[in-house]
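Asks: So the chains spell out like this:
2 protein chains.
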Amino acid sequence: MIKPIFFKMTENIENQVGELAQRARKASFILATLSSDQKNAALESIALLIEKRADILSEKNRLDLEAGSQNGLSPALLDRLRLTPERIAAMVEGVRQVATLPDPVGQIIESSVRPNGLDIRKVSVPIGVIGIIYESRPNVTIDCAALCLKSGNASILRGGKEAFHSNSALAELVQDALRETDVPQDAVLLIPTTDREALNHLLKQDENIHCIIPRGGEALIRFVTEHSRIPVIKHYKGVCNLYVDSKADLDLARKIAITAKCGRPGVCNAIENLIVHREIASEFLPKTIDALAEANCEVRADSEALSILKDARPSLTLGEATEEDFHTEFLDLILSIKIVDSLEDAIDAVNRYGSGHSDAIVTTDEPAAERFLAAIDTSTVYWNASTRFTDGFEFGLGSEIGISTDRLHARGPMGLRELCTYKYQVRGNGQTK
Amino acid sequence: MIKPIFFKMTENIENQVGELAQRARKASFILATLSSDQKNAALESIALLIEKRADILSEKNRLDLEAGSQNGLSPALLDRLRLTPERIAAMVEGVRQVATLPDPVGQIIESSVRPNGLDIRKVSVPIGVIGIIYESRPNVTIDCAALCLKSGNASILRGGKEAFHSNSALAELVQDALRETDVPQDAVLLIPTTDREALNHLLKQDENIHCIIPRGGEALIRFVTEHSRIPVIKHYKGVCNLYVDSKADLDLARKIAITAKCGRPGVCNAIENLIVHREIASEFLPKTIDALAEANCEVRADSEALSILKDARPSLTLGEATEEDFHTEFLDLILSIKIVDSLEDAIDAVNRYGSGHSDAIVTTDEPAAERFLAAIDTSTVYWNASTRFTDGFEFGLGSEIGISTDRLHARGPMGLRELCTYKYQVRGNGQTK
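Here the protein sequences line up with chains C and H, keeping their order.
For the first sequence, the working numbering begins at 1321 and goes up steadily by one.
For the second sequence, the working numbering begins at 1321 and goes up steadily by one.
Rather than coming from a laboratory, the hints here were simulated on the basis of the structure.
Small disclaimer: the values here were computed from a predicted structure and weren't measured.
Certain hints may be false.
For chains that are exact copies, the list does not tell them apart, and a pair is met inside one copy or across any two.
Calculated lysine-lysine pairs in the DSSO-like style (CA-CA distance at most 27 Å, straight line) [as the list claims (entries may be wrong)]:
| # | residue 1 | residue 2 |
| --- | --- | --- |
| 1 | K1753 | K1442 |
| 2 | K1567 | K1607 |
| 3 | K1557 | K1567 |
| 4 | K1607 | K1753 |
| 5 | K1557 | K1442 |
| 6 | K1557 | K1753 |
| 7 | K1481 | K1557 |
| 8 | K1557 | K1346 |
| 9 | K1524 | K1481 |
| 10 | K1575 | K1630 |
| 11 | K1524 | K1557 |
| 12 | K1372 | K1481 |
Required output: the full structure, derived from the provided sequences and hints.
Replies: Here it is as C-alpha cells:
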C-alpha cells in the first residue's frame, strides 16, 4: 500500500486532496461500528510504536528545529515545535489515557415508545470524517488522531509547515501502528503538503469531510472559517472578563484577578478585562494595582479608574484604555480596567466586549450572581471562581480537542462526546402510517 | 417606532440588513431571560391578532395570488401560497400549540461537582438570532416566528417574493401583537425586500446572526449554504431507501413500499429507492409491481430486477434505472429498484445512494436488523416501519422547524430543543486554580 504521506502533491492537488478525503470517508464507515476493544487496541499499538521510535521522532524533529532556526522562528515558536523526550513520553501517556476513557459511541441519549408502538432511540454515533488544521505543535498530530479514533471518526490532519518533518514521521508511525489492527490505515491521514492550495481544496470537500476543527492563532482560524464549505467548530479568541460586584469579597476578587491574569497570560482562558462596580472601586483598585505591578502587569484603565489610581498611587505609570483595548485578547501581561455603575451595566459590558469564552462575577450577593449567570451570553460563566478553569481536564472530560465559542453543536471545552453526533434508530412492528 | 417592514430597501441595502441584524441581536439578549409565562403571553397575543385580522390577511394574500396567476405560477405553487380560512385557523392553532409545549430554555442538561468543589452545570439556552430563509408558504412566517420565540431566539425571516404581501401582513401583525407584551418587537423581523442582494448581505451577518435554517427546494438551500458565513442547518434532499432483506415478511415489505412511496410522493421522507435481496426478488417483485402499477407509480429497475419483472409481467412497460436514478429525489410517483446479493451490499448501497435522511430495513432476522441499524449512516434508520415517520410530530417533539441531514448540532427532526444551545454555569467558592 502506498503511504499517502509520501506522495508528492505537485500537480492535480485538487484531485489528490479529493482522493484522500474519499479514502478517509471509506475508512470512517468501518471505524464507526468497531468495538471499544478494537479501538483501544489500535491506540495501544500507536503508544507502543511512539515509544519504540522515540529516537527517529527526535531526529525528524531536529530537522524542523534547524530549519526553524535558519528561518528565524522566535524562541517561543521553536519551543512549541520541540519534541523533547518528556514531550514524547507525554504523547504516549496521552494516547493511553484516551484509551482508558469511556467510549462515547453507542450511548442511548434518550428513548421513547410512541403511542403507535414505534420504539425511538437517539443514539450517539461518530460524526464521520474530521479535518484538523493546526500550527506548530507536532504533538497535536497524535492528540487529535487519538481522540478522533477513540470517538470512531476518521481524521485528516493538516499541520503547520514548520513542523512538517515531525508531523510526517508521526503520521507514518500511526499508519504503521494501525497496519496490524482492526482500524483501517486510512482512518488517520496527513495532508502530505503544507501548500495553502491543498488546504483550500480540503475545505471544499464537504461531501466527504463533515467537520473542521482549526487549532491555532486567530488569523489561521479566520482563514479556515472564511474558506470552508464544511462546518467549522472554533474559537477565534478568548476575551475573558472578570466583574467585581459592589458586594464582592474584595480579597477573593483580587486573588482571582491576579491569578486569572498573571498565572499564564498567554492562554485563552486568562482574563483581559477587569470590570469594577463604582461603589467598591476606590477600595478595590489600589491594592489590586499593587499586586498587578508586582507581577509586571501593564494596566490600561478607563478615565474614571485612571483618576482613582492616579490619586491612590501617583508614582505608577498607567495607560488610558481605548474602546479597542476592551475588545483585545492581549495574550500578554496587559489588563484593561473599566468602572461600571451597576450590575446591568456590567452585564452589558461583558456581553459587548467578551468573545463568548469565559466570564466571571465575584460577589456575595446571590441574586446578583444568578442574574449574571443567566444573562451573560458565553460558553462558561463563573461565580466566585477563576475563568482559568475552562478546560477539558478541569471539567472532567478527560481530554479536550479544543474549546468552542460557537453555539451550534458544541460550546465550551470539547471532549470525546463533542466529537459525536447522533442518529435515531426506530424499531417498529409493521407501522406504515 | 418605525416598523421595519415598511422601509424601502433601495440604497445601502448592506447597512440596512446589518442594522436589522443588530436590532434582532439586541432583542435576543432580552428574550433570552424571559420566563415561559412572558413568552406564552406573547404567543397568545399573536394568536388573537391573527384571528382578528383574518380578513386583512386574506385580502393581502389575494394580492399575492393574483400576481402569481399573472406570472404563471403552477397550480401546485398557487395552492402552497393560498391562505384559506382553514389555514389561517390552523396557524392560530399552531401558535397556541407551541405555547403549550414545555419551555426548552433553562433545563439542566447535566451537572457535576468537581473534586475542587466547582459546581458545573450544563444549561440549555437560546441560540440567539436565527435566520429563516423560506419560499412560498406564508404560514411558515408564523410557524417559525412562534417556535423561535418560544425557544427564546430572535428571528429574522426572509420569505419568497411570491408571498411578499402575505408575509408582510403577517410580520406587521406579529409586531403589533408584541407591542403590549414583554417580548421586544424586534424579536421577530422580516427582511422588507426579496432582493437577492439583501439575502446575500444577510448571510454575512455572522456577528449578529448565529444560525440559518433554509426551508425550501434544493436550489435555494444550495444557494444559502454556498453563500453563508453563518452556520446553516439543512437538508438538501430526501433520497430515502427501503431494503427488503432475504428474511423479510414480504407482505409487510410490500405494504411499506407502497405507502412509503405512494402515500405522498412529494415529501422528503417518501422512499425513492427499493433495494431487494436476490433470494426473495423473484417472489417479492412481481406482486409489488402490481400494487405500484395500480398506484400509477413508474418503476425504474436495474437490469436484474428488470429481467425478473419482464418475465413475470410481460405486459408492463418498465424503464431501466441509471446510476443517476438511484441518487435522485423524484418527489413524484417514480421508484428505482435494485437487487443486491447480501446485507452488506445493501448497506453499501444505502450509504452510497441515500441522502442521510431516512432509511429502513424489513426483516425478521434480528442480527441483520441490528447490523443495519448500526451501519447505516443516516438521520433516522428504521426496522420494520415506514420512513414516513420522520417528522417532528410523529417523534413527539410537538412541532418541528425542519429536518436536518447534517451531523453537527441537530440531526433528524428539529423541535424546540434543537433551537437551543447550552452554556456552562460554574458556581465556585473562591477557586483560583
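Asks: I'd like to know which numbered hints this structure contradicts. Please list them from smallest to largest.
Replies: Hint 3 contradicted; others consistent.
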